[in-house]
Amino acid sequence: MIENLLYFTPQLLLATLALVLMLQTSFMRAARVSQSICMLGLIATVVATISLAPAQGVAVTSLIHIQPASNFFILLVLASALSTVLLQFKYGEGSREVQDEFYILTTLATLGACILVTAAHAATLLLGLELMSLSILAMLAYQRDRQSSLEGAIKFLILSGAATAFFLLGLAFLYATSGSLTFPALFQVAIPTAETQLFSKTGLFLLLIGLCFKLSLMPFHWWTPDVYQGAPVNSTLFLATVSKAAAFAILLRLLTIMPDQASSLLAAILGGVAILSMIGGNLLALQQQNLKRLFAYSAIAHMGYILVAAILAIRVNDKLALEGSSYYLLAYVLASIAIFSTLTLLSDKNSDCEYMDDIRGLFWRHPYLATVLILATLSMAGMPLTVGFIGKFYLLSVAVEHSAWWLISAMILGSVIGLFYYLRVIICLFNQTEEEARSFHRYRSVWLGLVTLCILVFGILPDQLGAQIAALFS
Amino acid sequence: MVALSAVIWWPIVAAILVWIFAKYSPELSRYATLISIVICGVLLALLPYQSASALWFSRFNIHFSLHLDGLAFLLILLTLLLTVLATLVSWQEIQNKLGFFHFNLLLTLAGINGVFLASDLFLFFFFWEAMLLPMTALIAIWGHENRRYAAIKFFIFTQASSLLMLIGIIGLSFLYKSQFGEFSFDFIELQALTLSQSQEMWLMLGFFIAFAVKLPSVPFHTWLPDAHTQAPTAGSVLLAGILLKTGAYGLIRLVLPLFPNASLEFAPVAATLGVISILYGALMAYSQSDFKRLVAYSSISHMGFILLAVFSWNQTALNGAIITIVAHGLSSAALFSMAGAMQFRLHSRELGDMGGLWQSAPKLGAVVLIFVAAAVGLPGLANFIGEFLTLMGSIQRFPLHTILAALGLIGSAVYGLHLFQSAFQGKERRDIKDLSFREIGFTGALILGLVVIGLYPNIILTLTHRPLEQLVQKHPESTSLLVGEIGAIHD
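Residue numbers (my numbering), protein chains in the order written: chain W, 150 to 623; chain S, 285 to 775.
I should point out that these hints are in silico values taken from the structure, not numbers from a laboratory.
All figures in this text were calculated on a predicted structure; none of them were measured in a lab.
Keep in mind that a hint or two might mislead.
Examples of chain S residues toward chain W, derived with CB under 8 Å [what the hints assert, rightly or not]:
id, residue
1, R343
2, F410
3, I436
4, I440
5, A444
6, L447
7, L450
8, I451
9, I454
By construction, the Cβ of each residue, glycine as well, lies at the ideal position given by its N, Cα and C atoms.
Could you put together the complete structure from these sequences and hints?
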């Protein structure tokens, strides 16, 4: 047991990091120092995660079960956290708020996400989810002087609270019928009668509603655009990547251990949710002038695409479906990091860079940043040369393999609608304007370049990564 | 492998170089672009026909495999020639962001070369999509007044249709896995598949729609007039000269060999679409008052001949299709470059603003007359051979369609002469500068090409003889076809 604790090192490191940061803040207030410590801690966690990857599933007490795939999701979470921390110092400089606590919150939210990814028990599930959500809430409201920031945060608080209530009620129902809180026993009905079956199914759906809310799948998406828009753009980055990746990882885990009797109904309902999200999300994004809202709706659509693979993984535990969803999630996270980081870099003291007009003609002023934005947007649109295309190829392959023609039709329709607004963003970058160029710090540009390089390399040479991801699920 | 793929990676390297050069001197960038295309041509000329393959994405058994044969060679050669033309026509027209312009031009070249060389369906699709991006940039940045609308429309039409092809490709690969135990995207291996009738039909339709949009065939043609009209001259040249031909190439290279039975079954529908395109394109061309739009609609008409020829599926008709591909590539590109030259002088593409231009620009008028005559199908010029062979080949299979298609020749004479008459004859309204030395140079070369092919089409047909012969043998009823028709025509 105790040697298995070794595999839990990433989470322990993050917890220690949070403590260290708290101590540091109470003795000496210096945002620069906090940032540096936070960066170092996160990098150490990345190293630990990579070097301590278990070859097969490892149980660390009954609360935590670490699978090879969990480490992959943890790495995604850490990459986004690193990006947020790296960009925050310069971004928050102009704000009246002190910046030190932002790093503590980021660390705590990351910890929550990492616990959520490895949860094997109702308690850890809830703990991870709430630790993540509450820390993100504070991050969203961090710039108190902006009205929209508070508005978005309150919206998130209320709706997130409601979703957690559903989630808890679902857990209670499931516990009532199964008598166990660990996975997968939680989902098995102890005494199968018509009534307990119904009870168990209800519990399951309430649980899924909670997760659908976190993934902002339609029709539980209402909060997404407002919160994205209101939040400081660097927190939006975190929300768009970390919470989505973690929630998706746990959804994938839950779906693969679903009992047989619930699975077909579950697939039908989630299929409806996916189709709605893919088409609805893209349609709503069409007319947006605000980039944050545009990418919020596009995130809804992307969660719909990725849910397709998850649905197909339900019954058959299909390897390709799991690989496909992981690859797609990676593509989504990379592109989101690149897009929101660029917007963060372009923001100034008083307002975020969030309107189409703010990036008009960017290519002629900042070819580097614009290229990052173009490649990331193309990746979102699933164009070849970028990782998004390989992700889309995986998803379509999975869907063709299972002959899920309805889902394929919705995916194609959604992608075509999506092209329209992605292209609008890209063409906007090439418009002619007369604005002066500003200079940016080099090391942040290096980080952006690294992310963009990943988008390109994984898109052009997918072999290595494809083999790695395939190994995760073998 | 390295040598063969140089046709693809060299333009990419050159694209980056000319972009850098443009920072120092625009002239340098222009000459460097020309030289790099010529180098690419030399590379191509040195390559023997060959195949090369390397594992690319092992999870799906996808290979980076290229195949060069006569057909690919011919089309790449045409692409290189027209890219040279595109560079020359933009010599004065493009002053703004010159480096980035040449960058996109050369990337388009790389993408198109990739499409013609790829023999793995995934790779084919990869290039098929990748070539769209720089092309869209050319339209969206250097195009005319309504460029953004045209660029988005072009992109979405081609993207949406190619997603259907992607589904078809994945479907083929999974069927291969179920029959042979592993994935394959190799297009020779995939021909070994046994498909049920409905599977073959559905998969074929996925491919067909993608290529019919690119060709384009009625009813998928609405992107073309906008894209061609709004694109800068170089963009129109590449679009009309090459991008449309990738659709024809896809039909010849992929649809017929992969889905022989479904193609045969579908042929009447495709031929009907072809004939409708021929007549509709001609009619619409006649009713245009915009020079470029007129030429754009005439392209739809000419592409109808290719569709009819391909689905007639015999050696004569396929020869006709190949000649039409090359001839239309040269003549429409030439007409678009003349349209560009006139727009540069007049700042208008409206035929109403022209008239009597012969007085001040007789050389320009003579050149346009020759290109119009080529488009009309005057014997002695290349297009005539293409249309003649197409009609001769298709009458064996679709007599009624062919008779109707022949009416298109009359239609093309009507719109062609209308174009020439309203631009160059009548009362003189404007004074324009005649052709410059540079313009005489490239139009002369184009005219020479059209005449040589028109008088001696074997120069092309010997190149494509073997690939087409193999294709004809894949016809499900191939034994019933006449062999050696190609000889009969040239005797």
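Hints and how they fare:
1. R343: holds (4 Å)
2. F410: Status holds, d = 5 Å.
3. I436: I436 (chain S) check passes; min Cβ-Cβ to chain W is 5 Å, inside 8 Å.
4. I440: holds (5 Å)
5. A444: Status holds, d = 4 Å.
6. L447: holds (5 Å)
7. L450: holds (6 Å)
8. I451: holds (6 Å)
9. I454: Where the cut-off is 8 Å and the nearest Cβ of chain W is about 5 Å from I454 (chain S), the hint holds.
Hint violations for this structure: none, all hints satisfied.
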